[in-house]
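Visitor: Put together the whole structure using the sequences plus the hints.
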Amino acid sequence: MATTTIEKQEAHPTAPELIDDSVRYTPLVDILETGDGFTFYADLPGVKAGDLDVTYEDDTLTIEAKVQPRQPRDQEYLLKEYGVGTFSRSFIINAPVNGEAIRAELKNGELKLFVPKTEAAKTRKIPIKAS
Amino acid sequence: MARLSDLFAPLPLFRDDFVERALGTTLGGFAEEGFPSLNIWDANDKVFVEAELSGVAPADLDVSVAGADLTISGNRKAVDPANGTKARQERPSGQFSRTVTLPWETEADKVEAVLRDGVLTITLTKAVQCRPKKVTVRAT
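Taken in order, these protein sequences are the chains called A and B. For the first sequence, this note's numbering begins at 2 and goes up steadily by one. For the second sequence, this note's numbering begins at 4 and goes up steadily by one.
Simulated from the structure, these hints should not be mistaken for lab results. Hints may contain errors.
Simulated crosslink set (DMTMM-like; lysine to aspartate or glutamate; CA at most 20 Å straight-line) [unchecked claim]:
1. B/K80 x A/E106
2. A/K108 x B/D83
3. A/K81 x B/D72
4. A/K108 x B/D120
5. A/K113 x A/D54
6. A/K113 x B/E93
7. B/K49 x B/D112
8. A/K108 x B/D63
9. B/K49 x A/D75
Quick caveat: nothing in here was measured; it's all calculated off a predicted structure.
Guide: This is the structure:
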């Protein structure tokens, strides 16, 4: 099956991107494609359902999730290997999908999004007639 | 409060030491420093260790303490492709284990670990002999 999802972000997935003076973190994402649609799995630690925003517009799926800082801004660390902040990532999906029927499930900091393909785009098995 | 630059060389809380000490597996592509990434800070007699562990159930996670060593290990299940194809695979999966040596011995029976929304927060209590003690200065 041909890969039909195009990545819009060029930045390394784990590097924070500076936008409007506030840092945005790019969540790691797995994408699975079946005949019926695409399933996106995104790691969004610390995100609650109320802080999550998923939109689909102009062939672009956008995941945005606010994360409140968990420690005071001036906290001093013995070791600091990651930052905490808003997650943001967009994907251009160049297969016809039904944006109205996207299903989202957020559990234990993991987002699962199912983006169904439109009927016309679904895999259709072609019956082979023997002659 | 101890800072990285204040620690004497033998106390292993330097980043390079983590690369050597971390027992991160290469299975599924975990980062070289070891998985999971950690943020560590202390306040008075407590030490806090935080890790981002999305998609790991408490049953698949193990946190253990021995003296000044804290070990976080577990298994993160990979996505089952079922009858589909993986168009993109970025998230690591599989067995992981990471051990860090803290600058203080801790009391093993006073460790709390909470996993919420994919964030693991471990609160440890410094052993009595490691806590800061006020010293009264006498004038003679």
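Visitor: Now tell me, hint by hint, if it's right for this structure.
Guide: Evaluation of the provided hints:
Straight-line distance between C-alpha atoms of B/K80 and A/E106 comes to about 17 Å, which keeps the hinted pair within the 20 Å bound. The hinted pair formed by A/K108 and B/D83 meets the criterion: a straight-line CA distance of about 17 Å does not exceed 20 Å. For the hint linking A/K81 to B/D72, the alpha-carbon distance of about 18 Å falls within 20 Å, and the restraint holds. In summary, the hint linking A/K108 to B/D120 is supported, as the alpha carbons are separated by about 7 Å, within the 20 Å threshold.
The suggested pairing of A/K113 with A/D54 holds, with an alpha-carbon distance near 13 Å, which does not exceed 20 Å. Pair hint A/K113 plus B/E93 holds up; C-alpha atoms about 14 Å apart against a cutoff of 20 Å. A hinted pair counts as satisfied when its Cα atoms are at most 20 Å apart, and B/K49 with B/D112 qualifies at roughly 13 Å. In summary, the hint linking A/K108 to B/D63 is supported, as the alpha carbons are separated by about 15 Å, within the 20 Å threshold.
Taken as a hint, the B/K49 and A/D75 pair is honoured in the structure, with Cα atoms around 18 Å apart against an allowance of 20 Å.
Of the hints listed earlier, there is not a single one the structure fails to meet.
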